[in-house]
Amino acid sequence: TQLLEQSPQFLSIQEGENLTVYCNSSSVFSSLQWYRQEPGEGPVLLVTVVTGGEVKKLKRLTFQFGDARKDSSLHITAAQPGDTGLYLCAGDYSGSARQLTFGSGTQLTVLP
Amino acid sequence: DAGVIQSPRHEVTEMGQEVTLRCKPISGHDYLFWYRQTMMRGLELLIYFNNNVPIDDSGMPEDRFSAKMPNASFSTLKIQPSEPRDSAVYFCAIRVLRYTEAFFGQGTRLTVV
Chain A
1 TQLLEQSPQF
11 LSIQEGENLT
21 VYCNSSSVFS
31 SLQWYRQEPG
41 EGPVLLVTVV
51 TGGEVKKLKR
61 LTFQFGDARK
71 DSSLHITAAQ
81 PGDTGLYLCA
91 GDYSGSARQL
101 TFGSGTQLTV
111 LP
Chain B
1 DAGVIQSPRH
11 EVTEMGQEVT
21 LRCKPISGHD
31 YLFWYRQTMM
41 RGLELLIYFN
51 NNVPIDDSGM
61 PEDRFSAKMP
71 NASFSTLKIQ
81 PSEPRDSAVY
91 FCAIRVLRYT
101 EAFFGQGTRL
111 TVV
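As given, the protein sequences belong to chains A and B, one line each in that order.
Numbering follows the numbering used here, in which position 1 of the first sequence is assigned residue number 1; successive positions increment by one, without gaps.
Numbering follows the numbering used here, in which position 89 of the second sequence is assigned residue number 89; successive positions increment by one, without gaps.
Treat the hints with care, since some could be wrong.
[What the hints assert, rightly or not] Heads up, simulated SDA-like pairs for lysine to any residue below, C-alpha to C-alpha not over 20 angstroms straight-line: (1) B:K78 x B:V112; (2) B:K24 x A:K56; (3) B:K24 x B:P84; (4) A:K56 x B:E101; (5) A:K57 x B:E101; (6) A:K70 x B:T100; (7) A:K57 x A:S96; (8) A:K70 x B:R98.
Calculated directly from the structure, the hints in this document are not laboratory data.
Required output: the full structure, derived from the provided sequences and hints.
Listed below in structure tokens is the structure:
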């Protein structure tokens with residue numbers, strides 16, 4: 001069974017603080033994606049990483065893909081209340097037909 | 001996203017009843033996915049189709065669940081008979097190609113009482 005672990009599960013911080021969310025697996029990913037989900041909606045893609053060691057930035061969000069392509073992190077700088085939501089990582093595993101396995105998610109709340 | 005339309009948005013049914021969830025994706029995708037989301041188990045992949053053919057249904061919890069995709073513009077997920085533990089939000093999603101962005105519908109919130 002291919003498990004994708006996310007941590008922390010819940011995170012409540014004050015506006016302006018920084019935070020990091022982690023996504024880990026024992027298996028190698030062909031690609032990994034980060035999604036954000038708001039209440040009553042489906043997840044929406046933030047970024048896709050493919051190459052080991054890759055770093056992508058999206059405004060205040062920085063995404064890293066581990067060198068071995070088994071882990072990833074999402075770092076938010078100076079969080080804002082608008083960043084509140086459920087953050088999900090999802091991976092396509094190398095050598096497997098199974099697609100888009102999702103992590104358990106990190107529920108982020110940014111307080112004003 | 002308007003690219004995937006799910007219906008109904010909300011469904012409340014009694015235990016033992018048959019439930020059919022519907023998904024109408026835009027054209028041009030290769031893959032269609034059905035997911036179930038709960039607080040306890042997160043977002044679980046139930047089944048996915050490639051060019052209308054079921055590829056991986058290992059996530060379908062029991063024989064009570066079945067999914068069909070008669071054409072590229074329509075898919076259904078059926079639960080018969082339904083049980084309270086089936087209560088969840090069910091999502092349909094599409095991908096144009098593998099490794100690309102997945103577009104999700106708004107989901108169907110199912111409550112079985």
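Discussion item. So, against the hints stated earlier in the document, which numbers end up violated here?
Written reply: 2, 3 and 7
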